[in-house]
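S.K.: Following my numbering from start to finish, the sequence shown increments by one per residue and tops out at 1729.
Treat the hints with care, since some could be wrong.
[To be verified] Simulated DEER-style distance windows between Cβ atoms:
#1 1614 with 1461: 18 to 24 Å
#2 1380 with 1637: 45 to 51 Å
#3 1515 with 1617: 16 to 22 Å
Since the hints were derived computationally from the structure, they do not count as laboratory data. Here a beta-carbon is modelled for each residue, glycine too, at the ideal position from N, C-alpha and C.
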Amino acid sequence: MAAYIIRRLLLMIPTLLGIMLLNFVIIHAAPGGPVEQLLAQLKGTAVGATARVSGGGAEVAAAPPPGAASGGAYRGAQGLDPALVRSLEKQFGFDKPAHERFVMMLGNYLRFDFGDSFFRSRSVIGLIADRLPVSISLGLWTTLLVYLISIPLGVAKAVRDGSRFDIWTSGAVIVGTAIPGFLFSILLIVVFAGGSYLQWFPLRGLVSDDWSQLPFWQKITDYLWHMTLPVLSMVIGGFASLTLLTKNSFLDQINQQYVLTARAKGLGERRVLYGHVFRNAMLIVISGFPAALLGILFTGALLTEVIFSIDGLGLLGFEAAVKRDYPVMFGTLYVFTLLGLLTKLVEDLTYVFVDPRIDFERR
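Required output: the full structure, derived from the provided sequences and hints.
M.R.: Put into structure tokens, the structure is as follows:
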């Protein structure tokens, strides 16, 4: 098994390199880079998504007098001093060729040096460290509830396959599959967060403004109060597929020959289902737990964090993409990709832990 792990770790290197190169080319080919963002602010044309975060650290010189020479090939640089544009390029590191910037970036990332944000006066690793606990908290609650709901429901549907219970619960599963989670988020806000009906839950944030001044037990209740709607919206959107996977896996095992043999020996139905079928049926469900958790942390929570204004990694990545904050974009991408590759390895090892008969090394 050690040789298999080493091979997988070595294969991660070209995979990570290819992902970073592809995204580097795509992101730099997209219009509206950080230089153009600041040029638009300098000329007073930046609105909405191009507006810079207040208190940011990318300070620029004052605008040159009217009638200065053109600023080069950047959109919005007309009428600005070319020296100012060149100073902005140097400030953001665009005075070097693209291939040199890519090689320098990879060298720094090998040391987990992601540099500083263009617009936040903070290091990228510091921003990730601040936002990571929020996303982990949201992801853990969601994953826990999804598994606690989906596994018992999927087993019950498999045991009662074709019954009225199976039909009615399938309706709820179909709704959960068909409607995206962010639509549930909007519906929950409209109904329960003061949209048009009830005002039972807060509209945004993870805790209240006076959370630090509350007693310990009130901090817990305030945190759970704020987490209810975001977690509920993600659970509704995520339990359906796992429920169907559990049901189908259970049904597949029930029809196996060893189940007929166990019943023929006189074993009770409960002993057959939960003593023999359950372990084999849950192999694919349990082994997928690491990947499911990672998916909820870094992809499933994106729109939820944006809608509920929760300062997690999803909202951080969204804001970085809108503002073309390249260090944050590439830093978070590197961390997410590395965690994703490691999670796939952990998923394979989980298969072996759950069922020792599986041997990836011989394959």
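S.K.: For each hint, tell me whether it holds in the structure or not.
M.R.: Going through the hints against the structure:
Checking the proposed 18 to 24 Å range against residue 1614 and residue 1461 shows it is violated: the Cβ atoms sit about 57 Å from each other. At roughly 49 Å, the beta carbons of residue 1380 and residue 1637 sit within the given window of 45 to 51 Å. The hinted window of 16 to 22 Å between residue 1515 and residue 1617 holds, with their beta carbons roughly 19 Å apart.
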